[in-house]
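Participant: Here are the chains, one letter per residue:
Number of protein chains: 2
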Amino acid sequence: MTQEHKKDFDFSKGLQCPMPKLDHDTIQMAHGSGGRLMGELIEQVFVSNFKNEVLDRMEDQARLSFEPGADLVYTTDSFVVDPIFFPGGNIGDLAVHGTVNDVCMSGAKPLFLSAAFILEEGFPIHDLMRVVQAMKLAAESAGVRIVTGDTKVVNKGTCDKVFINTSGIGRLEPDLKLSVSNVQPGDVIILSGTVADHGMAIMTQRENLQFQNEILSDSAALNGLVESMLDVTREIHAMRDPTRGGVATTLNEFATASGVHIQLDDDAIPMRPDVKACCEILGVDPLFVANEGKLIAAVPEAVADRVLEAMRRHPKGKDSAIIGRVRGDRSGLVTSRTILGTERVIDIPMGEILPRIC
Amino acid sequence: MTQEHKKDFDFSKGLQCPMPKLDHDTIQMAHGSGGRLMGELIEQVFVSNFKNEVLDRMEDQARLSFEPGADLVYTTDSFVVDPIFFPGGNIGDLAVHGTVNDVCMSGAKPLFLSAAFILEEGFPIHDLMRVVQAMKLAAESAGVRIVTGDTKVVNKGTCDKVFINTSGIGRLEPDLKLSVSNVQPGDVIILSGTVADHGMAIMTQRENLQFQNEILSDSAALNGLVESMLDVTREIHAMRDPTRGGVATTLNEFATASGVHIQLDDDAIPMRPDVKACCEILGVDPLFVANEGKLIAAVPEAVADRVLEAMRRHPKGKDSAIIGRVRGDRSGLVTSRTILGTERVIDIPMGEILPRIC
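Chains as they are written, first to last, in the working numbering: chain A, 2 to 359; chain B, 2 to 359.
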């Protein structure tokens, strides 16, 4: 297992675009008023970055042409991550990646995003630009367009810096039937890479933990990886990104919705040594920790090796591994074989593991 | 001008559905964790209310069938109104109405909504139920379905009770070309009813002002009204709902985007006497105050009377009036003839009029 430390652009760092020429350095209540100041903010910060011919029309709604013969996939996600800048990304690219991934886990091709900002009075425009720039680059890189948006400002102390909602629309070919309730006995469970990177990147930042190599969030758009898998076979049964609640929660959702037993192989789960150490220090089970650039797929055994090969050839899937198998013997259960050969039940966590992780 | 004081259900008041059987009376951090408590909250509060076959599938994304031969309309809006319960509505039905209206102002038929909640730790579940119930009834009444959602919880003090984002998708027949930049000299400007009701309903609540009749928000879905207008003619040039920034801002958007001069007739603008009094007490110009159940349309003079008649026959448009005319003499300008016969320029407000009005 190699370690991925390079990113095209480190969204946690500085600004690579010019600062807008606004009258204020921080967000004013007036930036949310519907008036002239709000117009300037939208034009100079959002539209100038997210520039495309749909958004440029400046209507209150985006008009999209959609080719016949396909279904729509539609999703929404709010992002409240704290801190907003973290190793390997910020709330902006996370908000793009998260929604792109929710769309493409259905097998759909993500096309359009909305972006809605709730800004705290006093939030620095410079920080907002860093966030917006990360969104712009993440959207370009994922091949999606941000076509409609909204801006609200609330008084200081009534939100924490910035919350972002993205919703997303994708195009789904009707022959694809991926579903959380379509996992079948005999399927192989594939995970696309190392676990717990995002959660531990956030936690090291919050707890000010130092490691030899900085732990970076895995925040990434997975639509390219999904395409490479669907090029191999249309017979992938289920796919989901293990974000909040981690791998354990996603597998339990598979097991419950499909009425199957998923048997994990603990040893096979890819994990970076420093992330593992970090989980041990903080006393959290890495299987419950959020990922933001990984997917779990349930694939018929007959095509599993070919799917795995295709995934490993893709930059976002090079550490992919088969981590378990689906059985029909017990319904709704996820278990794991430990190194000692015993079996433990992997349940959904009752409550909070790591708050505001995304 | 009659006064509309009846609503089918007063969303500002109590609860008309059973309370969910949850372990807690208030929102816990764990309700945003991805774990079992979050699953219970989603199932018992959101899914049980918004119930429909798309949402019930419990996938991370909604799969929608979309008939060929039409365009999509797509919009997003976050709602941060304070207080969350106000005379005539609450943040929930407001969030449905606002997005339904943004979709239908293009001439599109609103079909699907997303709903994403940011909840403050400690927020009472009973209040959440009131909000969700208002959304459910508003969606049913508007004929739209809430098909995908998201829930985040943040620590006490890092948001104010509840923020809601709704995005919306509608179906647009390709022959319709309504646009803010399509207003033409000779057009007649029609307003669908009294101005400033929503803003003043919020302000009376905040400032604890008492009037003989309570001022109610006009929060309402306008898709039915729009349909009745499009039944008369497909030649409506532009349509927009004057929310934040009010009628003045919307008309300025028309004038600027279309390069025309809009001449208002102050006398013709419908306003409730108590709302007018309230604006005078607070020292705000009613033309700058938010509405949440009104629309402004630019219509060719030849069809204006028939459109106006159709609007007045509709319950949401019974106070509709012609409030101005479009001229080609000066570009980007909105002016008003006063009672004294003089002319004043109606500009966009620079900044904040009434914060957190929607």
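To be clear, the hints were calculated from the coordinates, so they are not data collected in a lab.
Check before you lean on any hint, since a few could be wrong.
[Claimed, not checked] In silico EDC-like cross-links for lysine to aspartate or glutamate, where the CA-CA straight-line distance does not exceed 20 Å:
(1) 157(A) x 122(B)
(2) 319(B) x 176(B)
(3) 157(B) x 302(A)
(4) 178(A) x 121(B)
(5) 110(A) x 72(B)
(6) 157(A) x 161(B)
(7) 178(B) x 268(B)
(8) 110(B) x 68(A)
(9) 110(A) x 176(A)
(10) 157(B) x 83(A)
(11) 52(B) x 41(B)
(12) 110(B) x 72(A)
(13) 110(A) x 68(B)
(14) 157(B) x 122(A)
(15) 137(A) x 41(A)
(16) 52(B) x 121(B)
(17) 110(B) x 302(B)
(18) 157(A) x 83(B)
(19) 178(B) x 176(A)
(20) 178(B) x 161(A)
(21) 157(B) x 161(A)
(22) 178(A) x 57(B)
(23) 157(A) x 122(A)
(24) 178(A) x 41(A)
(25) 319(A) x 286(A)
(26) 157(A) x 302(B)
(27) 22(A) x 122(A)
(28) 137(B) x 232(B)
(29) 110(B) x 41(B)
Participant: Work down the list of hints and note, for each, if the structure agrees.
Facilitator: Quick rundown of the hints versus the structure:
| no. | hint | verdict |
| --- | --- | --- |
| 1 | 157(A) x 122(B) | holds, 18 Å |
| 2 | 319(B) x 176(B) | violated, 28 Å |
| 3 | 157(B) x 302(A) | violated, 47 Å |
| 4 | 178(A) x 121(B) | violated, 37 Å |
| 5 | 110(A) x 72(B) | holds, 18 Å |
| 6 | 157(A) x 161(B) | holds, 11 Å |
| 7 | 178(B) x 268(B) | violated, 31 Å |
| 8 | 110(B) x 68(A) | holds, 18 Å |
| 9 | 110(A) x 176(A) | holds, 14 Å |
| 10 | 157(B) x 83(A) | holds, 14 Å |
| 11 | 52(B) x 41(B) | holds, 15 Å |
| 12 | 110(B) x 72(A) | holds, 18 Å |
| 13 | 110(A) x 68(B) | holds, 18 Å |
| 14 | 157(B) x 122(A) | holds, 18 Å |
| 15 | 137(A) x 41(A) | holds, 18 Å |
| 16 | 52(B) x 121(B) | violated, 24 Å |
| 17 | 110(B) x 302(B) | violated, 25 Å |
| 18 | 157(A) x 83(B) | holds, 14 Å |
| 19 | 178(B) x 176(A) | violated, 34 Å |
| 20 | 178(B) x 161(A) | violated, 40 Å |
| 21 | 157(B) x 161(A) | holds, 11 Å |
| 22 | 178(A) x 57(B) | holds, 16 Å |
| 23 | 157(A) x 122(A) | holds, 5 Å |
| 24 | 178(A) x 41(A) | violated, 45 Å |
| 25 | 319(A) x 286(A) | violated, 23 Å |
| 26 | 157(A) x 302(B) | violated, 47 Å |
| 27 | 22(A) x 122(A) | holds, 18 Å |
| 28 | 137(B) x 232(B) | violated, 28 Å |
| 29 | 110(B) x 41(B) | violated, 33 Å |
Violation of the numbered hints given earlier is confined to hints 2, 3, 4, 7, 16, 17, 19, 20, 24, 25, 26, 28, 29; the remaining hints are satisfied by the structure.
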